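Trainee: The primary structure of each chain is shown beneath.
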Amino acid sequence: MYFTSYEFIGFLLITLILYYVVPKKAPKWPVLLIMSLLFYALNGVGALAFIIGTAAVMFFGALGLERLQEEQQDKIRENGELTKEEKKEIRKRYGFKKNLLITVCVAINVGALAFVKIGSLIAVLGISYYTLRAIGYLVDVNRKTVKAERNFFKFLLYISFFPVVIQGPLTDYGELTKSLYENHDLSWDNVGRGLLRVVWGFFKKLVIADRVFVAVSAIVENETSYRGVWVLAGMMLYTLELYADFTGGIDITIGMSEMLGIKVQENFDRPFFSTSLKEYWRRWHITMAAWFKTYLFYPVSVCPPMKKLLKFTRKHFGERVGKRIPVYLASAIVWFTTGLWHGFAANYVTWAMLHFAILMISEELEPAYASFHNKCKWASSRIYRVFMSLRTVFIVSLLMQFDIFKSVPLFFTRLVSLFGFGGQGLTAGFEAMGLALRDWIILGVGAVLMLAVSLLKGDGFFRDKLWNKPWILRYGAFAVLFTAILLLGMYGVGYDAGQFIYTRF
Amino acid sequence: MKKIIRLLLCTALLVTALWFLQRLLVPKYFGDVTEGAFTAEYYRDEPDHEVLFLGDCEAYENFDPVYLWEHYGINSYIRGSAQQLVWQSYYMLEDALRYETPKVVVMNVLAMKYNEPQSEAYNRITLEGMKWGLPKIRAINASMTEEEHFIEYVFPLLRYHDRLFKLSSDDLKYMFKTERVSYNGYYLRVDTKPAENVPGGKQLTDYNFGDKAWKYMNMIADLCEKKGIDLILVKAPSLYPYWYSEWEEQIEEYAAKRDLKYINYLELTEETGLDLTEDTYDGGLHLNVYGADKITEHLGKVLSEEYGLTDRSGETELAAAWDEKIRLYYNEISRQLEEAKAGQTPEVTKTPEPTPGIKAPEPKTGGYIFSFKGVDVAMDAEAKALTKDMPEAKSVYEAPSCAFEGVDRVYDYGSFELNTYEVSGTEYVSAVIFKDDLVETGEGAYIGMTIDEVEALYGSGTEEGNGRVYEKGGMKLRFFLKEGHVSQIQYLSTILE
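If you're matching them up, the sequences are chains X and V in order.
The opening residue of the first sequence carries number 11 in the numbering used here; numbering runs sequentially from there.
The opening residue of the second sequence carries number 559 in the numbering used here; numbering runs sequentially from there.
Think of the hints as simulated: they come from the structure by calculation, not from any bench.
Predicted model only: the values in this text are computed from it and were never measured.
Any given hint could be a false lead.
To be verified - Below, a sample of chain X positions facing chain V; criterion: calculated Cβ distance under 10 Å:
no., residue
1, Y12
2, Y485
3, F492
4, L497
5, M500
As the list claims (entries may be wrong) - Covered, in the sense of this in silico footprint (three residues per stretch, anywhere, with C-beta under 8 Å from a C-beta of chain X), are these stretches of chain V:
no., stretch
6, 561-573
7, 709-716
From the three backbone atoms N, C-alpha and C, an ideal C-beta is built for every residue, glycine too.
Can you make the complete structure from the sequences, with help from the hints?
Mentor: This is how it looks when you write it as structure tokens:
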């Protein structure tokens, strides 16, 4: 059931009604659990076993972890007269047990993920997302940043919460559960604000993303005739599609959660305004980048073999270089995994490793940049900042070509062709993309709207600002968006209903 | 409280605006593809008919209620619609019975050949005009193709939103206005295009009508029985689509079993005096008014003599209503005659603007290819590009679809037929059918070969009815067998399945 299907809109309505008719005294979260499991089952009953399995393993794993933590505490506290060595010994013993438990739990889940992704025998929607969220929870319990959940059904709700289950954001347990389990009363503010965000998301997806999709598909299918400067057009169009598609999906997710009174983390902060690739990864798919940083980069960086390596490199390569090698190695591992997470395929891994390479080179060149910016005053001008943003967008867009062509050799062919001539003429090229002039106009207006919202501090912030304006303005914005989706959306008979791109990963 | 009232008011305003938009965007079916307005027009007529016709274009283009009134005083109405499927006929009848109980129902049987929902466009034409009620809801549920959603019938704006860029002045003109488009459901045509070179039917793997078709046929018969209505089955005298003897046998058997009258007008050309060199306007698919009147004359006699329907022309109110219809009917005849004199033929086919997202088919060059005089014919290839390099066909038969969606063509090359279909005005190959052993497949198979020889060339394939099917590259190659020998070979596109 796609978010953009009639069925889902009906499903959401029913969920809202059920959630708000449950009397205040009774807990409301079971409604969300039932609806989430229903939503998930409607996408494939077989997949339900996977998600419940994951939830069970992590639920009991976390309880076990907490018990070990308590035992360890008790052992140390009971015996006030333990020597430092003895305490260390206890900690070591329990440390081993805890690590073993975590490893087993994570291995089971990553095994299931790999089985689904590589075997492709069964489609398990959202498994890439909920597996990571589940691992994050276990690690948080181990780090004592959150307490283990005692109610399995509550935990199952965290894992399966329908707005986030199939394409994120990778909400962390501590954040989401601040508002997930408590009762929320019907408030026009919540519902209205959420709805406004939802229609904005639908607008991005149905009016913009699914429209660009037609042109992008044409380019992918006839890549040989779209050479030369057309490569650039293809890059720009896919970037537009992915932005509208992914951020639109997240707008819908965040908006419908808000309608239920639940706060879901933002996943974007106007990523295309980033002046460097490093900054971009703090502003695009924020929760994913944060997850990999928190739950992979840090643990890998401080694991014993890394520490040994650091010692070794410091000794042999000196302080400056020696300190970096382990960091870069950890970073490479993270990027490699990020690539695999997107798909067990060469194109995704190459995509990720190129990101890694560019990031590493920029890191090395950092001092050079700093002195350049110090010397050249114009480098801190607004225009130069725009240039830097465009440069970042170019790099990102170029690498995104791995996602649409799904082939490493083809990527490089396209890259070479970018600097050559050829390809078809302007008129013929545009005609073969399958969009009429009016579609290009709609896309242009849509892109300008998205840009304007970004300039006004982004989707969430702008919506809040709009919400505080006189009622006629917010209602007007809703009515215009709603009508635009109905009239200009690419949906219904004769259109390929498109699932969100990020549900593939 | 104030907030709630404000919200409700605004919502009401938005809904009203959207309702107006919807009125603007739905197809109006006046002036263009008028068949789409037939279903709704029924409700404008006083529900007092002795005879109701059910069926597809073979019903509404071959029987003439005006003639039936003028010559027999029988008040009848055709609840026909383009490609009306049997279940749709059933629900049309159920719906009509909410308003009236006719004495006789005449049902055309061609639609028995369809056992599955066929086309979204025809579903729309048939169902949209029905008044809301259980019959309509059930009809929609029984008819929807995979791409359709019930809610799009409730809110047609969801279906027709992309007409925003295809609006014509008619959409404004008929936003709230309707116009008469039929004569008690009859589609009137006076022009003539003789039936020539009508292709025979290509062999089928299965001639049995489907379960769903039979189920609803039975329901029609049961409902008529329950309400004391006499049911007459008819097969209109249309030559195309081809009416197989195997189909005829099933209908005859059924009529006998249920004790129903069955009239096959294909076999009554002598009694009716029908002459398809002048009584049809599109080469034998549908009759013009002269042909329809010959058939109606015969049916009128049956209705009055065998079913005791009496002459109601003495009823003043009814007669007055008919007088008006008759006046318009003859006006239309003179208008069309004048148009014909001026050399214009009323437009028969309308090619709808291509819907975004619907792409031209891919030629199946990876499938089995038939080669003729150096031209390789792949299924779903653009036909004009091929036929221009081939010798001229002996004849070309054009079969316009009932209401729109282009024209199917059959090019006869003597030893084989090339069939084509249209998408957005361009012709594509749908089939090549061998007729004699003077042509061979690319692999060397020909009519008359034994099954063993075919299997030596192609392998065992899939057994299907009385033949073998080989699928490759998104197309099918089908061999029909008679007593162990190939009796027909068909290259088939899978797009139209």
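Trainee: Just pull the numbers of the violated hints for me, sorted ascending.
Mentor: As far as the earlier hints go, only 1 is violated by this structure.
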